[in-house]
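Enquirer: Protein chains in written order, with the numbering used here: chain A, 21 to 448; chain B, 73 to 352; chain C, 135 to 501.
Treat the hints with care, as some may be off.
A short list of chain A residues far from chain B (calculated; beta carbon distances all over 10 Å) [stated by the list, open to error]:
no.	residue
1	N79
2	S108
3	K307
Below, in silico cross-link-like pairs of lysine-lysine (BS3-like), each with a Cα-Cα straight-line distance of 27 Å or less [said to hold, decoys possible]:
no.	chain 1	residue 1	chain 2	residue 2
4	B	K180	C	K410
5	A	K348	A	K138
6	B	K135	A	K307
7	A	K81	A	K348
8	A	K313	A	K210
9	A	K306	B	K180
10	A	K349	A	K81
11	A	K86	B	K135
12	A	K152	A	K306
13	A	K432	A	K306
14	A	K313	A	K159
Calculated from the structure, these hints are not laboratory results.
Think of the CB as a built atom: it goes at the ideal place given N, C-alpha and C, for glycine as much as any other residue.
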Amino acid sequence: MKRIALGLALAAGMATNVAAAPITINLARFFGACENAGTDTHTTVGEACIIQSIINAANEKIPGVKINTLPTDWGNYYDHIKAMFAASNPPDIFVIHRSALPEFASIGALADVGPDLKSVGIDTSDWTAGAKKAVTYGKHIYAVPMDFHANLWHVNMDIMKKAGLVKDGKPILPHSPAELLAQAKQVKEKTGKDYLAADFSQFPIGVRLVLSLIWQQNSNIFNGHKATIDTPQALNAVEAITQLFKGGYADPKLNYADSQQAFLNGKAAVLVNGDWVVGDFTNQVKKPDVALKHYYVSTFPQLFQSPATWADNHTWAIPASLKKHDPKKYHAALEVAAFIYNHNLDWARTGHMSVRKSVLNSSAYKALPHRSEYIDTPSIAKDVPRTVHYNKIQDVLNRNLQSIWLTGKDPKKALAEAQSEVQDILDQ
Amino acid sequence: MTARQRSYIWLCIGLSIPAFVWLLPTLWMVSLSFQPNGVLARTTASTALGLVPVPFTAANYAKLFAFGETPRWFFNSLVVAVGMTLGVLVVSTTAGYALARLEFRFKKTVMIFILLGLMVPEQAVFLPLYTMFADLRWHNSYGALMLPRIAVPIGVFLMMQFFKAIPKDIEEAARIDGVGPFRIFWHIMLPLARPAMMTLAILTFLYAWNDYLWPLVSASQKTMFTITLGLASMQSNFAQSEGLGRVMASGVIASLPVVILFLIFQRYVVQAMTVGGSKG
Amino acid sequence: MSGTIRHRPRRRIADRHVAWVFLTPFLIVYVAFLVYPFFKGLWISLHHWNLLAVAMNPDAAKWVGLRNYTHLMWGRGIVWGPLSHPLVQLFALAVAVGAGLLHRAGRTNRSFMITLIVAGALVFFLLGFTPGEGGRWFDRRFWPTVGNTILFVALAAPGTTIAALLLAAALNRETKMMAVFRSIFFLSQVLSVTVVTLIWQIMFSPTQGLIANVTRIFGGSPISWLTDERFAMIAIVITTIWWSLGIAMILFLAGMQDISAEIYEAAALDNARGWKAFWYITLPNLKRTITLVVVLQIILHFQVFGQSHLMTQGGPDDRTQVLVRYIYQTAFRDSEIGRAAAMAMFLFVIMAVFSALQFFIAREGEE
């Protein structure tokens, strides 16, 4: 109706800019679907519903902007984004990981938003150093950061207590691979439960685990244009994990959903997964039929020389074509990004960490459930060197690690093969 | 006689076991779709291994229609499947008739040209099709979802075979009476071809409803998803935020039209599959 | 008489024009959406063609000739030996020889025998290639992926065929009960691949699955079907058989209807009933249908995508990675549409061979 009325007004030559037609912004994200999220950003739970409530609120509160949310499935997310770019029909704003940003930025697909951030009230000096690095490629800023997320150890305190691995209300976590094995054994013997659960079979949680352990030995998987996976450090990292499988203290065959289920059902003492489940788990624990009763979150333990954990950022990018051809819409998309950015505290309820110093230092942020338990995680975040091939390399690692864990391949052989596969990618 | 009856009864009993096993997965899906998500998160085996929906709820379906994208996807599937079916019927009956009943130069060449197309699987052309529609900025439209699938030589082939089998004299008589070729086609041939068209329509509808790869690459906007594609997107949601019961309810809804179609037109469906299978 | 003479010349002209009018709608969509894309695919496969880069800048496609093909199929320091993969090679040789012998015994028809011999010899020859000392394939995943696809076909096609054949033999009776059974076994055929994978993903889940629930009752520990290397392929094969058994069964039933009741009655007098009748009468008379069903299943299953993409994501360790999924990934995850198009051409060649085979078998039977 609004459109028709506007059309009539235009036809009658009475149009001024009193009621500009609403600009429709196509927004692409994953995080899952949430219907009926409402517009109250303070009460929603879980990634899907929190982000959707923020988007709904933006839709309602930004004048003259309508937001249309695009696909939400994770499995094909980047395939879809690429397909949309290739069809010259990219979303007007979309979530992108820090790790995936170079692939898009390097071919000029993303708008340089740096100079325009002030116009929507985003002050980059409030960003953490890591966040600034995450959205910068070359000399330009290509996205607005939303969060910092990392792998954590999610702990079932009841199992730990029964195994005698609690001290001062905190879980006792290992400081070396040998200690890891000993504690796993202790848990099995005293409780009959698995020590650790994680998705080692599909989604690359296992890869991130191994990467963390490689970084803890001050090594990395490639260096400039040289792949360095066939190293003693990588072997140490892999074996720290495989010893758990061999001992029967963890099951490499669990996938994402199954590992999560196993933890919630009280079948494993520790779940290794991202911080994004913290908010959801906190909520699950309150339900009477969930076996997990006492939930604790811990920073990734240090098993080798230095602390490290896998981490990434979710950021919001806008296509370069929009900035070039449709400045009005571009500005509207930026406003959406700013709106989401301003709800950083709401988003942090998922379990993700804030990228804004002002939020990080606020008492409201610090008071979020379990937050204090992993407050030092940002300081130990490490990463692979920046590359446009991140997703491909991760896939190589995932397949080759699976071959060790699930098909019994000799670790040295698998690492050698991963190294030469990654070298092929770097040589392209 | 009694021995034969007895062996028949034994056969029925013997077959009911595999038949039950065969039906189990489907029954289970239906049963899960009627159970509360909260319960399913804990166990899928509440009553009789989860095969009986106790505790019972219809909330999954209610929510499905109240908020989700499912009605929209369902509608898209309907549009695409019906549109594609009509499209295939139009181009296949006309071309099939021309090849079967009309004489013209290069007929053999045209026939071979079309038959060669039977060798090209969709997977061999979906990438160039993707870039073509991308260049035309035509993705995320009903046209993009339908058009590539209308160009299937199998339909022409089936209709041609059918028209060839119709006795010539009916047509001849009409011609002698001075009836024009278009009217012959419309008033005489098409009514005769109804069973073959039914077969082709069912084949196409099923194919369209169940197509996955092409919609996966062509429809990147959620509003243009088909129900088949939408269901895939719910599966790969690793957050599983929607709950098992909800996803299962979507599965049931997505299957309903084809199952109903099958139950009503079982004879035709079976015949369609037989013809499509042995000739395609 | 005079009337027809007057009409004929006019009609002839009309016929010609009418034919083209009737053909045009189909030919337009056919050329636009099948013929042209096919050749464009060939064209793309001869380029280094990055999906994103070309979208940003059309000049980014670079002619590389056959390099995409060599990159996929060839490697450095490849050598040939008759015993590079001794087991499979010898098996292929045995199949080729066996097919020849079977034909002599009159158990197969000609096209099928020739195919088996050619296929056996081809496998024997192709598998002889292997990277020599210090050598390697340029693309390590391509041939294993082809191998997985063939393994999938080799399990799913005979599995479906045998199960369907046995069921059809049992159900080949015109009673109400049998009609109900037929409907039950056929029902899953009409479901879409996403519904099928949805059902079976949950069926196979070690924590929530029906199979796991049953296993637990008997005190066993559940199998992680989809992530265990021993079971992942089996799991998607089971799914596929469940899904695609209906059509094979129906084709067999149609074939069995054509065998006259008299033959069975005559055989019954010779005391050939049940299994004996099946073995000595049904099977030989169904030769053509069996061949047709096998070829049809091969064509169908070679194009497998959804089961692997949705249920196992090609894992564990690429054990269930199949050709179409590799094409999809190469094109849309890695943006290398040139290389993906080359793979699609490879798939086309294989499909074309089997389609031609199917066509000839179907014709052979009609003559």
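Enquirer: Each of the hints needs a verdict: does it hold here or not?
Expert: Results of checking the hints against the structure:
| no. | hint | verdict |
| --- | --- | --- |
| 1 | N79 | holds, 15 Å |
| 2 | S108 | violated, 6 Å |
| 3 | K307 | violated, 7 Å |
| 4 | B/K180 to C/K410 | violated, 47 Å |
| 5 | A/K348 to A/K138 | holds, 16 Å |
| 6 | B/K135 to A/K307 | holds, 22 Å |
| 7 | A/K81 to A/K348 | holds, 18 Å |
| 8 | A/K313 to A/K210 | holds, 18 Å |
| 9 | A/K306 to B/K180 | violated, 74 Å |
| 10 | A/K349 to A/K81 | holds, 16 Å |
| 11 | A/K86 to B/K135 | holds, 24 Å |
| 12 | A/K152 to A/K306 | violated, 37 Å |
| 13 | A/K432 to A/K306 | violated, 45 Å |
| 14 | A/K313 to A/K159 | violated, 48 Å |
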